[in-house]
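Participant: Given next are the chains, with one letter for each unit.
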Amino acid sequence: MNLQQDSRQNIEPEHVPLPGHDVPWVVRARQSAFERFAAHGFPTRREEEWKYTDVSAIGKRASLKPAPPDPTSDAAALILFRDSGHLMVFVDGHYSGELSAAGELPAGVRLASLADMLNEAADLPEAFFDQLHEHTIFAALNNAFATGGAVLNLAPGTVLDAPVYLLFIASGQGAAIYPRNIVIAGEGASATVIEHYLGVIDAHNFTDVVTQISLGAGAQLQHCKLVQEGSGAFHVAGIHAEQAADSRFVSHSFVLGGRLTRNDITSSLNEPGCLCTLNGLYLLDGKQHVDHHTRIDHIAPSGISREYYRGIMNGESRGVFNGKLLVHPGAVKTDAHQANHNLLLSRQACVDTKPQLEILADDVKCTHGATVGQLNDDSLFYLRSRGVDAALARSLLIYGFANDIIEKVGVPDLRARIRHLVLERLPQGGQIKVML
Amino acid sequence: MLTIKNLHAQINGKEILRGIDLNIRAGEVHAIMGPNGSGKSTLAQLLAGREGYQVSAGSVDYLGRDLLAMMPEERAREGVFLAFQYPVEIPGVSNALFLKTSLNSIRKHHGLTELDAMDFLHLLRDKMKLVGMDESFLSRAVNEGFSGGEKKRNEILQLAVLEPRLAILDETDSGLDIDALKLIADGINGMRNPERAIVLVTHYQRLLNYIVPDVVHVLSQGRIVKSGGAELALELEQHGYGWVEAEYAARNAAQER
Numbered sequence: 001m002n003l004q005q006d007s008r009q010n011i012e013p014e015h016v017p018l019p020g021h022d023v024p025w026v027v028r029a030r031q032s033a034f035e036r037f038a039a040h041g042f043p044t045r046r047e048e049e050w051k052y053t054d055v056s057a058i059g060k061r062a063s064l065k066p067a068p069p070d071p072t073s074d075a076a077a078l079i080l081f082r083d084s085g086h087l088m089v090f091v092d093g094h095y096s097g098e099l100s101a102a103g104e105l106p107a108g109v110r111l112a113s114l115a116d117m118l119n120e121a122a123d124l125p126e127a128f129f130d131q132l133h134e135h136t137i138f139a140a141l142n143n144a145f146a147t148g149g150a151v152l153n154l155a156p157g158t159v160l161d162a163p164v165y166l167l168f169i170a171s172g173q174g175a176a177i178y179p180r181n182i183v184i185a186g187e188g189a190s191a192t193v194i195e196h197y198l199g200v201i202d203a204h205n206f207t208d209v210v211t212q213i214s215l216g217a218g219a220q221l222q223h224c225k226l227v228q229e230g231s232g233a234f235h236v237a238g239i240h241a242e243q244a245a246d247s248r249f250v251s252h253s254f255v256l257g258g259r260l261t262r263n264d265i266t267s268s269l270n271e272p273g274c275l276c277t278l279n280g281l282y283l284l285d286g287k288q289h290v291d292h293h294t295r296i297d298h299i300a301p302s303g304i305s306r307e308y309y310r311g312i313m314n315g316e317s318r319g320v321f322n323g324k325l326l327v328h329p330g331a332v333k334t335d336a337h338q339a340n341h342n343l344l345l346s347r348q349a350c351v352d353t354k355p356q357l358e359i360l361a362d363d364v365k366c367t368h369g370a371t372v373g374q375l376n377d378d379s380l381f382y383l384r385s386r387g388v389d390a391a392l393a394r395s396l397l398i399y400g401f402a403n404d405i406i407e408k409v410g411v412p413d414l415r416a417r418i419r420h421l422v423l424e425r426l427p428q429g430g431q432i433k434v435m436l
Numbered sequence: 001m002l003t004i005k006n007l008h009a010q011i012n013g014k015e016i017l018r019g020i021d022l023n024i025r026a027g028e029v030h031a032i033m034g035p036n037g038s039g040k041s042t043l044a045q046l047l048a049g050r051e052g053y054q055v056s057a058g059s060v061d062y063l064g065r066d067l068l069a070m071m072p073e074e075r076a077r078e079g080v081f082l083a084f085q086y087p088v089e090i091p092g093v094s095n096a097l098f099l100k101t102s103l104n105s106i107r108k109h110h111g112l113t114e115l116d117a118m119d120f121l122h123l124l125r126d127k128m129k130l131v132g133m134d135e136s137f138l139s140r141a142v143n144e145g146f147s148g149g150e151k152k153r154n155e156i157l158q159l160a161v162l163e164p165r166l167a168i169l170d171e172t173d174s175g176l177d178i179d180a181l182k183l184i185a186d187g188i189n190g191m192r193n194p195e196r197a198i199v200l201v202t203h204y205q206r207l208l209n210y211i212v213p214d215v216v217h218v219l220s221q222g223r224i225v226k227s228g229g230a231e232l233a234l235e236l237e238q239h240g241y242g243w244v245e246a247e248y249a250a251r252n253a254a255q256e257r
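Sequence order for the protein chains is W and P. Here my numbering is used: the first residue of the first sequence is 1, the next is one more, and so on. Here my numbering is used: the first residue of the second sequence is 1, the next is one more, and so on.
Any given hint might turn out to be false.
Simulated pairs of lysine-lysine, BS3-like, Cα-Cα distance not exceeding 27 angstroms [claimed, not checked]:
#	chain 1	residue 1	chain 2	residue 2
1	P	K108	P	K129
2	P	K127	P	K182
3	P	K127	P	K151
4	W	K433	W	K324
5	P	K151	W	K408
6	W	K433	W	K60
7	W	K287	W	K65
8	P	K108	W	K433
9	P	K127	W	K433
Don't read these hints as lab results, they were simulated from the structure. What you are looking at is a predicted structure, and each value in this text was computed from that prediction instead of being measured.
All chains, please: the whole structure from these sequences, using the hints.
Facilitator: Spelled out as structure tokens, the structure:
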């Protein structure tokens, strides 16, 4: 179906200049992934995992052909935190050395674009390309066309204090963007990675991104993702973590912009003593559609997982939360908690929330809760009784609801930035901003 | 300052207030006592502007204005303050942001400049000392995870920061141990002045050992059945509310005859 617009001939990987075109395994992997996509096409709503999210518009509205590098793009103006951390900028999925400022990295830490990594050490990403067969058709599409993205490789014991800040800018040329990120943290290593997707205001591009994370024993990774795509943009992403013993993985997902966003976030707690935290916030308006599908696999004993997702829906927007939690046989002493709370601010907005727990081990503690509601009258009255007018009181309550999630982000700059972005979206947010 | 005349109010068709008459002048401290279900909290909340009550008769005049026609925020800006019996938790909003938003809303209404971060912090530190609150409470979400006593203390902190003309304290003493009660009473006594009226809504006489009222009213079944001096509270403590209600019933019967 999607191939009708972009004739197959036109987008077959061998006809598009892509990184690794001279590496045999890359060419084979791309071709077989493309065949898989071509045979299957986009998922339909008849498939359980896509029941609430219709992706048919992607093929109609956006091209699937990877966007070419655009040296004239004025993307520099959009860079927000130039001075903090290790900055890598990608414009329409292509690494821009000119805009990036990776800074100094400690010994044992390698940070490179995917293209550079394929040139230098092509065997490193190979396992990651191979892993994807079990994931979605969008992952296959990304395998076929990945142009850029970052590879972060932390040797055992290395600690990266400043965050790695990956900024993905959509210039608005309406093409497809295929970033691919890989994070490998060796035993005891630790880092923070920020993925920020920023589209020019009315962009209608299609971003299909995959991030793969491998945590060695005792490694720690904080992963923060912020989606601020343009109003017509489609964003489909997979973030997949594999955890070894006693490792800690914390994921934050913030979706504030874009026409349709789908985030599949999964972690597999493969060895004993892992900690996994998945946090998320979606703030929607107009006809925005945001779908989070999360999945936590407790495979080994004594794993702890925490999941806190919140949604705020206004206009005719729609939120979807599907939280899968699987406790495999033998994963005794698992301690898992999941919560999804949603605020509906208009009659036309809606949310589908679905906790999905499958527990196949004894001696575990698993709890979950989901709510959908409106602003609380008692809280509104309390604020008004202190002289705060009704409109400001409403904005303050919405801010508070969102802030509970924002506060969990461990990067002060980013936390402040997200607070401001949320406040910019609230009717009286400006008044609150000056008082922070 | 506050004149209530023949106030009748209902919730969902059930009459809770059945003809309240009350006159409170600036500088006075009034205690409104009464058994459970007598309408004390309804009166307090209605004065603060809570929705859901239907006023079927009567009037409330506050500084020459029709209080019942004002929005809750308007009442607060004009100096009406209610210390809640059950203070509400506001997750995600720090106490500092809450107090600042509220104080600046009130200041703006009076044409005063909004306080900047430094001035506000100075003010807040002083007031927190007054009610014995630790500064860590500033960064915590409003009332979230606070103990019963901490919530009540937080109400008094707001009272001290907002400096209202008319302060209504709804069961502020309930659930407090003796030390906390003394502390809160000190805070409230410190707020007494000739420009301000204070209304203490309470079930027990205990609080009145520390804050001596000018007038004590007994509310029963939606009416004020007796008013008197501070000594009335002691009598109630000793003999309960039964005799006041009996006396009122006899008086009414006599009038009808």
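Participant: Now, for every hint given, state plainly whether the structure supports it.
Facilitator: Checked hints:
{"no.": "1", "hint": "K108/P - K129/P", "verdict": "holds, 26 angstroms"}
{"no.": "2", "hint": "K127/P - K182/P", "verdict": "holds, 17 angstroms"}
{"no.": "3", "hint": "K127/P - K151/P", "verdict": "holds, 15 angstroms"}
{"no.": "4", "hint": "K433/W - K324/W", "verdict": "violated, 36 angstroms"}
{"no.": "5", "hint": "K151/P - K408/W", "verdict": "holds, 25 angstroms"}
{"no.": "6", "hint": "K433/W - K60/W", "verdict": "violated, 40 angstroms"}
{"no.": "7", "hint": "K287/W - K65/W", "verdict": "holds, 26 angstroms"}
{"no.": "8", "hint": "K108/P - K433/W", "verdict": "holds, 17 angstroms"}
{"no.": "9", "hint": "K127/P - K433/W", "verdict": "holds, 24 angstroms"}
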